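Participant: Below are the chains, spelled out letter by letter.
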Amino acid sequence: MKHTLVVLVENKPGVLTHVSGLISRRNFNIESINAGYTEEADMSRITIEVDADDEYELEQVVNQLSKLIDVIKIIDLTGKDRVHRDLALIKVKASPENRAEIVNLAEIFRAHIVDVNKETMIIELTGEDVKIDAICELLDDYGIIEIVRTGKIAICRGPKAAKDV
Amino acid sequence: MKMTGAQAIIECLKKEDVQVVFGYPGGSVLTLYDALYMSEFPHVLPRHEQGAIHAADGYARATGKVGVCMATSGPGATNLITGIATAYMDSIPLVLITGQVAVPFLGRDSFQEADIRGITTPITKHNYLVRDVRDLPKTVKEAFHIARTGRPGPVLIDIPKNIFAEVIDFAYPAEVNLRGYTPISEGDSQTMDAVFDELKFAQKPLFFVGGGLNLSDTSEIMRKIVAYTGVPTVSSLMGLGCISSDDPCFFGMIGMHGTYAGNMSTTETDLLIGIGVRFDDRVTGRLDQFASNAKIVHFDIDPAEINKNVRANIRVIGDLRWTLEKFYQKLQEKPAQEWQDQFKPWLEKLSGWKKEKPLTYKKDTDEILPQPIIEKICEITEGNAVIVTDVGQNQMWTAQFYGFKHPRSLLTSGGLGTMGYGLPASMGAQVGGPNKKVICICGDGGFMMNCQELMTIADLNLSVKVMILNNRSLGMVAQWQREFYNSHYAHSCMRTKADFVEIAKAMGVPAVRLDKKEEIEAVLKKAIFSEGPFLVDIRIPEEEDVLPMVPTGAGLNQMILGG
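If you read the sequences in order, they're chains A and B. Under my numbering, the first residue of the first sequence is numbered 1, with each subsequent residue one higher. Under my numbering, the first residue of the second sequence is numbered 166, with each subsequent residue one higher.
Misleading hints may appear alongside valid ones.
What the hints assert, rightly or not - Straight-line Cα separation of at most 30 Å, DSS-like style, residue types lysine-lysine; simulated pairs:
(1) B/Lys167 to B/Lys306
(2) A/Lys67 to B/Lys527
(3) A/Lys12 to B/Lys303
(4) B/Lys460 to A/Lys12
(5) A/Lys2 to B/Lys527
(6) B/Lys491 to A/Lys67
(7) B/Lys527 to B/Lys681
(8) A/Lys73 to B/Lys167
(9) B/Lys601 to A/Lys12
Calculated directly from the structure, the hints in this document are not laboratory data. All values reported here derive from a predicted model rather than from experimental measurement.
Please work from the sequences and hints to get the whole structure.
Facilitator: Rendered as structure tokens:
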């Protein structure tokens with residue numbers, strides 16, 4: 001089962017290496033990992049999507065990560081009321097003939113066209129991963145040249161911050 | 166007070182009450198070594214960085230203090246790796262200070278540059294690269310705090326050359342502030358009720374004690390618990406000495422080379438209480454057959470150890486200094502006699518097993534067997550020595566046949582199984598406890614791996630007695646080849662022209678060869694009661710096995726027995 005973990009860490013050099021190194025050497029299955037700044041200058045937030053076979057495996061992931069000195073807190077957002085998003089930039093082949101079709105498609109998905117040239121377009125799409133997968137499948141017919149995705153980020157609904165949960 | 170980074174480190178070491186450092190100089194730590202020189206700080210110079218770190222490790226295990234080790238950048242630092250991994254696997258508190266190339270040279274493949282922080286990330290509890298001299302005192306303070314609190318472990322501080330020379334206004338922080346690190350000291354007292362209830366209804370409970378008791382110095386309270394309840398007790402390799410081997414409730418080590426009674430008891434027990442253990446594969450054998458009739462209670466300070474290998478029905482997380490005290494108090498709710506009566510039939514069953522199939526060896530032989538040698542060393546030292554082993558057959562025979570009576574009296578590389586550990590670790594143990602008899606029991610293979618430290622031992626006139634169980638082979642490897650590879654002795658034979666007695670003498674250590682059975686007692690006594698270091702080259706047969714043995718992948722009750 002997939003779990004979304006929020007890992008709050010000290011904003012120090014080498015922390016991401018410690019986190020990602022631990023994940024690989026302990027043989028944990030990670031679907032995606034994303035790191036970025038937060039509301040606090042000295043704290044970073046790493047969102048990890050982990051595929052755990054059972055509760056024991058998940059417990060190991062959380063407990064082993066918690067042992068890292070620079071990990072401040074870990075919150076499992078799975079099952080919590082939350083919003084999660086992935087951002088994708090997709091470069092797709094777009095000749096003058098099918099340009100309009102692609103624009104229509106993008107509109108259906110509420111995606112933005114952020115760049116156009118004679119041969120290609122860049123489409124920006126934010127959403128849950130299934131939505132991004134869906135547009136990619138459709139765009140594949142025109143010829144996708146390049147995709148870049150951020151990986152999942154997530155936040156809880158309600159007035160509290162994850163660190164205070 | 167204004168001082169250089171190097172001087173600041175010396176001040177930090179003094180504040181942390183460090184008595185001695187083990188280290189080896191080199192280019193990027195010259196400034197640090199100059200500060201050591203000027204302050205006349207006690208320093209032991211081994212002949213190899215690996216010797217330095219195993220010595221610091223032996224010092225830490227023997228004394229319970231944090232061991233400190235220094236090395237230069239690049240090869241100096243990488244020579245520490247095996248020692249760091251050894252300490253990490255056995256949760257030994259160490260602080261390692263390595264030099265690094267100057268900040269402007271970082272990341273350019275400079276002379277003697279190695280990314281030691283990257284390399285040691287998987288084998289340290291934490292590590293640092295100090296880029297600003299103002300961070301030095303805080304970093305050293307944190308490093309010692311992290312190394313010695315919670316589940317102990319090695320912490321490395323990598324310091325670029327220029328940082329040692331830069332000047333700061335020194336102030337040592339009074340406390341550490343690490344919001345991501347709050348080691349558990351107290352546990353949850355409600356779990357004690359649950360453990361109590363389980364024990365109340367158990368017929369065949371078993372205490373399984375481990376290295377956590379040695380590390381937390383809680384052997385005394387554990388002995389009280391065993392005496393009060395009369396629960397049979399077994400140990401991991403790392404837990405030996407916590408319960409005295411002559412305690413009638415104690416049934417020795419369990420696992421691959423465990424005792425018959427100990428291993429059988431794990432199969433039959435209905436309540437296994439693991440205390441400061443990590444259920445290593447060498448202990449459990451085949452996991453699904455380990456204690457398969459038992460509920461499992463697990464006492465540990467590290468939550469990540471719970472359910473890692475063995476599923477615990479009740480988890481008692483906390484510092485053993487707290488949890489065992491609480492457990493002992495809780496047990497008082499039932500009188501000692503009632504506990505002991507409850508478990509008497511079970512205890513008698515184990516005693517029967519022990520009597521029926523004790524650890525044994527061939528008695529009618531003219532050869533010098535390793536097992537009676539260990540027994541004799543135990544007899545001569547009355548079980549009061551600090552025994553340091555190497556890894557392999559010598560280690561297992563020592564674990565089986567030396568009757569350990571005291572905590573911290575067996576120093577051995579359990580988790581990593583590092584050959585070459587014994588000699589330098591015994592040197593460190595001797596530096597830490599000069600009034601104790603330190604005996605290094607090793608094989609001919611492991612001895613050679615760090616034999617250069619014999620020079621250090623001789624030069625410092627350290628009273629280390631080295632007993633080489635010399636079988637002219639890599640005994641444990643050969644044993645497996647005998648058992649599982651049709652006696653194909655692939656590169657495990659070490660018949661050599663070299664003479665260990667002459668090697669020792671050349672390095673300044675008196676030595677004798679022991680190859681006559683009738684001389685055993687006289688030679689061992691001479692070695693053990695001599696002043697300063699001594700080495701005995703003990704000629705044991707080439708094909709002696711460590712038994713019992715549980716083959717890999719088998720349950721603990723499927724032992725190959727000896728004798």
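Participant: Indicate, hint by hint, whether the structure satisfies it.
Facilitator: Each hint tested on the structure:
With a CA separation close to 18 Å, the supplied pair B/Lys167 and B/Lys306 stays within the 30 Å bound. For a cut-off of 30 Å, the pair hint linking A/Lys67 to B/Lys527 is broken: about 48 Å separates their Cα positions. At roughly 15 Å between alpha-carbon atoms, A/Lys12 and B/Lys303 fall within 30 Å of each other, so this suggested pair holds. Note on B/Lys460 and A/Lys12: the hinted pairing is violated, with a Cα-Cα distance of about 43 Å set against a maximum of 30 Å.
This hinted pair does not check out: A/Lys2 and B/Lys527 have alpha carbons roughly 58 Å apart, beyond 30 Å. Restraint check: the Cα-Cα separation between B/Lys491 and A/Lys67 comes to about 25 Å, which is no more than 30 Å; the hinted pair holds. Between the alpha carbons of B/Lys527 and B/Lys681 the distance comes to roughly 17 Å, so the proposed pair stays at or under 30 Å and holds. Using a Cα cut-off of 30 Å, the hinted pair A/Lys73 and B/Lys167 is violated, with the two alpha carbons roughly 38 Å apart.
A threshold of 30 Å between alpha carbons decides the hint, and for B/Lys601 with A/Lys12 the separation of about 45 Å lies outside it, so the pair is violated.
Hint compliance for this structure: hints 2, 4, 5, 8 and 9 are not met, and every other hint is.
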